[in-house]
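Start from the sequences and build out the full structure, keeping to the hints where you can.
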Amino acid sequence: MTSAREELRMLGLARVAFGGLVLLRTTPLLAPLRIPYLRETAPLLGWPTAAWHFPAFGPALPASVVAVLCIARTLAVILFAAGVRARAAGIAGGMLGWLVLAQDAMSYVNTLHLLFLGMVVLAASGAGGALALRPEPAIDPRSGLALTRALVVSVYAWSGLAKLNASWLRGDALAQLHEYRIVHEGLAESLLASATGRATTAWIVAAVELGLGPLLLWPRTRRIGIVVALALHAGLELSVHPDFFGFAMAALLLAFVEPGARQLTGTATAKPLSARATR
Amino acid sequence: MYSRAGEFRIDLVTFDSEDHAHPRNPTALAVHAAPGPASLLGGSDHWRPGPSSILRAHIDDLARYACHETRASTVEITLHERIVGGAERATRQRLACTP
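Here the protein sequences line up with chains A and B, keeping their order.
Per our numbering, the very first residue in the first sequence carries number 1; after that it's consecutive.
Per our numbering, the very first residue in the second sequence carries number 1; after that it's consecutive.
Be aware that a few hints might be false.
Derived Cβ-Cβ restraints for the label pairs, each shown as a range [to be verified]:
#1 B/Asp19 - A/Ala234: 53 to 63 angstroms
#2 A/Pro137 - B/Thr98: 57 to 67 angstroms
#3 B/Ala28 - A/Pro55: 16 to 26 angstroms
#4 A/Ala146 - B/Pro23: 25 to 35 angstroms
In case anyone wonders, no lab produced these hints; they're calculated from the structure.
All residues carry an ideal CB built from backbone N, CA and C; glycine is no exception.
Have a look at this one:
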């Protein structure tokens, strides 16, 4: 157990880190690094183009409207990360992000969905209550923290459940990733060289993803859960380079970090929030 | 993504005003496409991985775009999908192009 103040601080830290990641992923700030999946971020991600594309649903919005939405999304993300009206800014930023993303159905990637969803969840969790230029009154930090943790656990659970199919468990999906050079570096190269290695890796990855939720939720295994999750993302980042996914999950995992907690004994002292902070 | 070994390929056939069929390489459709669709259409004359369900859901949009790009009288697009080791599925869209 930790104090509500510490929990709020970790949520605030997660907000700053997560908002920074959204900003880096949707603007050309990292363009000099020439990372392939950041090629379409100039002038802003989703900026209207004359090239052929189609919306995910409904009629396409006029180009001028999409441009305004891109600018509004960027402003909302900046306010969210800085902690100025973070609740409204985060929810608006996520909604605008989805709206712009929906203008080009084929530009959808899971990472962008996670970034926009994470922003909405952190905003609704009251993450603007700490480490903010204008801290918002905390309404219920415990439930806010639980909401953010639920998002993290659900990501691992759905990812693990999606892998409970013959194609994955036989190692076919990993064979394909290996064949198309999507996974091609370091330890992954040797693990995926044989059918036995691919099947074993597939089972381990599915088991780890399904096990992460319980590990993170149970206080006694929380630290182990965080370490395992970070190791999983580090491994994926080195072998698959999955966009900003691992970084986004690492930022969200801050919601599980309990700086003042004695997790094995559960005897941490709980400090009450000040009257001002809990308004 | 990453949880199934799925692949797809596209057959593009255009028909002139006398209804003669002309097989075309669907990669040509990537030239004037935005980066998202271009990355799916490029190399789609052969089996390749990718989120083919989006193409299937919007195969009518793709056919209209193919009309515009090829200036044909009629286009026929067939999207073939398969799970590695599983059955193949084909979705066909034939569209008379309006001038």
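Results for each hint:
1. In this structure the supplied range 53 to 63 angstroms holds for B/Asp19 paired with A/Ala234, their Cβ-Cβ distance being about 58 angstroms.
2. Remark: the range hint 57 to 67 angstroms for A/Pro137 to B/Thr98 is upheld by a beta-carbon distance near 59 angstroms.
3. Take B/Ala28 and A/Pro55: their Cβ atoms lie about 23 angstroms apart, and the range 16 to 26 angstroms holds.
4. With their beta carbons about 57 angstroms apart, A/Ala146 and B/Pro23 fall outside the hinted range of 25 to 35 angstroms.
The structure fails to meet hint 4 from the earlier list, while all remaining hints are met.
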